[in-house]
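So the sequence lines, in the order shown, correspond to chains R and P. Residue numbering for the first sequence follows the numbering used here, starting at 16 and increasing by one per position. Residue numbering for the second sequence follows the numbering used here, starting at 16 and increasing by one per position.
Just so you know, the hints here were simulated from the structure itself, not pulled from any lab data. Only a predicted model underlies this, so the values are computations on that prediction, with no experimental measurement involved. Among the hints, a few may not be true.
The list makes no distinction among identical chains, and a pair is therefore deemed to hold if it is satisfied within one copy or across any two copies.
Claimed, not checked - Here are the simulated lysine-lysine pairs, DSBU-like style, with alpha carbons at most 30 Å apart:
no., residue 1, residue 2
1, K328, K289
2, K279, K328
3, K279, K96
4, K96, K289
5, K236, K348
6, K34, K328
Number of protein chains: 2
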Amino acid sequence: MEVKQLRKDAAAILRAALKAADPSEAVAAALRRRRDLDKYERILVVGAGKAGGTMARAAEKVLGKRIAAGVVNVKDGDPAKTRRIELVPCGHPVPDERGAAGAARIAEVCAKAGPRDLVLCLISGGASALMPAPAEGITLAEKQDATRLLLASGATIHELNAVRKHISTLKGGQLARLAAPAKVVSLILSDVVGDDLDVIGSGPTAPDASTFATALGVLDKYGLRGKVPGSVRERLERAETETPKAGERLFAKVENQIVGSNQKSLEAALAAAKSLGYRSLILASTIEGETRDVARMHAAIARQIREYGQPLKSPACVISGGETTVTIRGSGKGGRNQEFALAAALDIAGLDRVLVLSAGTDGTDGPTDAAGALADGATVTRASTDARQALAENASYAYFAELGDLVITGPTGTNVMDLHLVLVG
Amino acid sequence: MEVKQLRKDAAAILRAALKAADPSEAVAAALRRRRDLDKYERILVVGAGKAGGTMARAAEKVLGKRIAAGVVNVKDGDPAKTRRIELVPCGHPVPDERGAAGAARIAEVCAKAGPRDLVLCLISGGASALMPAPAEGITLAEKQDATRLLLASGATIHELNAVRKHISTLKGGQLARLAAPAKVVSLILSDVVGDDLDVIGSGPTAPDASTFATALGVLDKYGLRGKVPGSVRERLERAETETPKAGERLFAKVENQIVGSNQKSLEAALAAAKSLGYRSLILASTIEGETRDVARMHAAIARQIREYGQPLKSPACVISGGETTVTIRGSGKGGRNQEFALAAALDIAGLDRVLVLSAGTDGTDGPTDAAGALADGATVTRASTDARQALAENASYAYFAELGDLVITGPTGTNVMDLHLVLVG
Numbered sequence: 016m017e018v019k020q021l022r023k024d025a026a027a028i029l030r031a032a033l034k035a036a037d038p039s040e041a042v043a044a045a046l047r048r049r050r051d052l053d054k055y056e057r058i059l060v061v062g063a064g065k066a067g068g069t070m071a072r073a074a075e076k077v078l079g080k081r082i083a084a085g086v087v088n089v090k091d092g093d094p095a096k097t098r099r100i101e102l103v104p105c106g107h108p109v110p111d112e113r114g115a116a117g118a119a120r121i122a123e124v125c126a127k128a129g130p131r132d133l134v135l136c137l138i139s140g141g142a143s144a145l146m147p148a149p150a151e152g153i154t155l156a157e158k159q160d161a162t163r164l165l166l167a168s169g170a171t172i173h174e175l176n177a178v179r180k181h182i183s184t185l186k187g188g189q190l191a192r193l194a195a196p197a198k199v200v201s202l203i204l205s206d207v208v209g210d211d212l213d214v215i216g217s218g219p220t221a222p223d224a225s226t227f228a229t230a231l232g233v234l235d236k237y238g239l240r241g242k243v244p245g246s247v248r249e250r251l252e253r254a255e256t257e258t259p260k261a262g263e264r265l266f267a268k269v270e271n272q273i274v275g276s277n278q279k280s281l282e283a284a285l286a287a288a289k290s291l292g293y294r295s296l297i298l299a300s301t302i303e304g305e306t307r308d309v310a311r312m313h314a315a316i317a318r319q320i321r322e323y324g325q326p327l328k329s330p331a332c333v334i335s336g337g338e339t340t341v342t343i344r345g346s347g348k349g350g351r352n353q354e355f356a357l358a359a360a361l362d363i364a365g366l367d368r369v370l371v372l373s374a375g376t377d378g379t380d381g382p383t384d385a386a387g388a389l390a391d392g393a394t395v396t397r398a399s400t401d402a403r404q405a406l407a408e409n410a411s412y413a414y415f416a417e418l419g420d421l422v423i424t425g426p427t428g429t430n431v432m433d434l435h436l437v438l439v440g
Numbered sequence: 016m017e018v019k020q021l022r023k024d025a026a027a028i029l030r031a032a033l034k035a036a037d038p039s040e041a042v043a044a045a046l047r048r049r050r051d052l053d054k055y056e057r058i059l060v061v062g063a064g065k066a067g068g069t070m071a072r073a074a075e076k077v078l079g080k081r082i083a084a085g086v087v088n089v090k091d092g093d094p095a096k097t098r099r100i101e102l103v104p105c106g107h108p109v110p111d112e113r114g115a116a117g118a119a120r121i122a123e124v125c126a127k128a129g130p131r132d133l134v135l136c137l138i139s140g141g142a143s144a145l146m147p148a149p150a151e152g153i154t155l156a157e158k159q160d161a162t163r164l165l166l167a168s169g170a171t172i173h174e175l176n177a178v179r180k181h182i183s184t185l186k187g188g189q190l191a192r193l194a195a196p197a198k199v200v201s202l203i204l205s206d207v208v209g210d211d212l213d214v215i216g217s218g219p220t221a222p223d224a225s226t227f228a229t230a231l232g233v234l235d236k237y238g239l240r241g242k243v244p245g246s247v248r249e250r251l252e253r254a255e256t257e258t259p260k261a262g263e264r265l266f267a268k269v270e271n272q273i274v275g276s277n278q279k280s281l282e283a284a285l286a287a288a289k290s291l292g293y294r295s296l297i298l299a300s301t302i303e304g305e306t307r308d309v310a311r312m313h314a315a316i317a318r319q320i321r322e323y324g325q326p327l328k329s330p331a332c333v334i335s336g337g338e339t340t341v342t343i344r345g346s347g348k349g350g351r352n353q354e355f356a357l358a359a360a361l362d363i364a365g366l367d368r369v370l371v372l373s374a375g376t377d378g379t380d381g382p383t384d385a386a387g388a389l390a391d392g393a394t395v396t397r398a399s400t401d402a403r404q405a406l407a408e409n410a411s412y413a414y415f416a417e418l419g420d421l422v423i424t425g426p427t428g429t430n431v432m433d434l435h436l437v438l439v440g
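Whenever a hint applies, use it, and build me the whole structure from the sequences.
Now the structure itself:
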């Protein structure tokens with residue numbers, strides 16, 4: 016297949032991947048598949064996240080009047096309109112009092128749910144910041160102080176969450192506990208590598224593996240026990256009410272269902288690529304690491320397909336996903352997906368019928384209006400600027416803008432991280 | 016399959032890969048496959064490289080008295096013993112006068128070859144430094160000066176070679192031209208990514224794509240025309256005798272045959288893995304980039320196999336190769352293959368029946384007596400030291416030494432770069 020065809024096909028494969036991550040379709044499909052909705056007395060909808068408005072709207076479309084009440088915290092400016100579910104605009108990425116007030120309302124809805132009710136929980140990326148519920152005696156500012164100190168110390172996401180879950184009232188399975196004895200169904204759009212239920216939105220409906228002791232251990236590891244606000248330290252040391260743990264009876268009535276994720280989008284891409292006639296495989300959906308090195312490895316696979324027909328004979332499509340990291344070295348404008356395409360361009364230069372595409376599923380790659388970019392064997396020679404130089408300056412945006420090879424989707428309203436495609440015709 | 020079995024199998028797969036790269040077996044097999052050896056009047060053997068002694072010895076074993084004369088430049092201390100081919104011990108990696116004297120003898124042998132003779136050329140890693148032949152009027156020291164300046168300026172290997180080939184008398188196809196009108200068969204053990212014939216040993220029997228103008232362009236690009244020794248500049252500006260180019264008649268009687276390479280070793284590994292019952296694939300044989308990021312991507316593939324049966328269902332073996340680079344951040348002892356295993360260990364921690372092995376085919380990884388190391392899902396918890404800390408200090412050797420998980424082969428006498436294995440049982 017000619018490069019022109021590869022470009023068309025890559026765009027179609029990307030579209031299929033984005034469709035699978037569409038919050039509206041994902042929620043509607045998940046609800047339509049359920050056979051138990053009629054048996055509940057009331058359906059109450061709660062949740063939070065950057066896709067909250069779209070997810071709530073989709074739930075209303077399917078459930079209509081079955082929804083008795085609902086509160087979902089959304090990002091300031093979310094354009095979605097709903098009738099039965101109240102959307103609460105909140106601060107993001109820095110949580111604010113509106114978020115805390117919305118979280119209190121969500122807690123109220125959960126607390127009022129009875130044994131014959133269904134609490135439908137809609138979770139997407141950003142839920143943790145959009146649904147802040149500091150434990151009694153701790154202010155939002157104090158909780159944020161603790162978070163900032165941990166981040167600055169280099170704590171991992173798991174360490175950070177161990178602390179946060181123990182100074183909050185909804186995170187770490189506590190929302191599910193509040194909703195008991197109602198049935199809880201969480202529809203979750205995952206924006207984290209690996210789709211760990213207790214990481215996405217800090218796991219409001221998932222069992223928590225960490226304890227107060229874990230949280231204190233994290234503080235001590237980074238020498239922060241004396242540095243966090245006194246209210247935080249005291250709560251952790253008091254260790255009064257543990258977060259719910261796996262195996263606790265309440266989880267018998269809790270279902271956590273991932274309705275959109277990088278993996279699901281890769282599988283949709285795989286199906287699309289196969290239907291277009293490509294021998295196709297998914298490499299991995301949890302790829303992290305320095306963008307340019309990950310990109311070079313994808314380019315090496317492209318060369319291998321071209322030269323040796325390994326791991327697949329052409330026409331071939333290799334699909335992967337995750338979230339890489341750019342170490343900023345220059346002052347140029349770009350994003351990790353555009354940088355991915357630029358680094359790959361250098362390593363596939365001169366190859367016939369080879370295409371590499373990288374795109375963020377949220378449609379916004381770094382501080383740009385592009386989702387990503389694509390590169391072929393002629394990219395490096397077609398550009399008027401030096402690719403190596405542009406890469407050194409992290410100036411991928413201008414580089415691909417000149418070539419007309421930015422991938423522009425506009426904001427997609429979803430986020431299941433990034434997608435990488437290697438096509439060899 | 017249990018981890019214990021995976022370890023055994025990985026060792027067997029590595030052995031198969033090393034066997035395919037064994038210079039002795041590679042040369043013997045290539046010569047035994049030829050049907051034309053009887054038709055030449057004389058067989059003259061020349062060459063250079065770190066595997067030169069072993070390759071020469073293998074040629075003698077097959078050809079015996081058919082060899083009329085021979086000179087092969089080898090690394091100081093090469094233990095091989097030969098009867099008909101003279102082995103000339105030379106300096107490496109810094110070329111010396113012994114190398115230049117040997118190169119002059121090699122040129123003599125080639126020059127005396129007639130139209131009914133066969134010149135058998137044995138090339139392996141290090142050949143470029145071991146067979147220095149500065150052009151008339153240029154001293155070895157001046158040639159090295161130019162090389163050093165180019166390296167310090169960040170010139171690529173192709174740029175460096177364009178200059179070197181034009182200030183030498185054997186590189187860039189010139190050995191083949193000297194040997195004309197004899198038949199020339201080059202048996203080549205490739206230690207470079209991509210196996211470019213004009214890069215391995217600076218391509219003494221391969222057409223040269225670069226010209227005097229290319230070489231001057233390189234000097235100008237890095238502002239070195241006024242800085243290289245006058246003799247070098249003058250020769251390039253005089254531009255008297257071009258290196259031989261593709262399509263020139265002399266190459267009709269030249270055969271360049273890669274007898275050992277990363278790709279060949281990966282294919283041997285693939286066959287071994289399949290025969291052990293693993294669903295197997297070769298990912299790529301030209302992987303470069305920062306070691307830990309490449310390793311993390313391999314770990315992501317391991318997780319994908321474990322969790323989703325993609326790109327292969329278990330038992331699965333993913334094979335790759337190339338030469339990664341460690342950016343030294345700490346002061347620990349290690350090598351890129353041991354660092355590969357360490358970085359992977361962190362990302363496969365906790366996984367059942369997963370093994371990652373990385374090894375240098377020369378048996379010497381960095382300044383250590385190990386070829387590499389292997390990691391499984393329990394590596395991180397079995398060690399008494401912190402894996403993240405060890406990685407930050409580039410201290411992979413001590414880390415794996417404690418666990419007994421170094422891969423020790425001893426020096427193998429070959430070098431086709433590195434091998435990476437991911438096994439999931």
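I'd like to know which numbered hints this structure contradicts. Please list them from smallest to largest.
4
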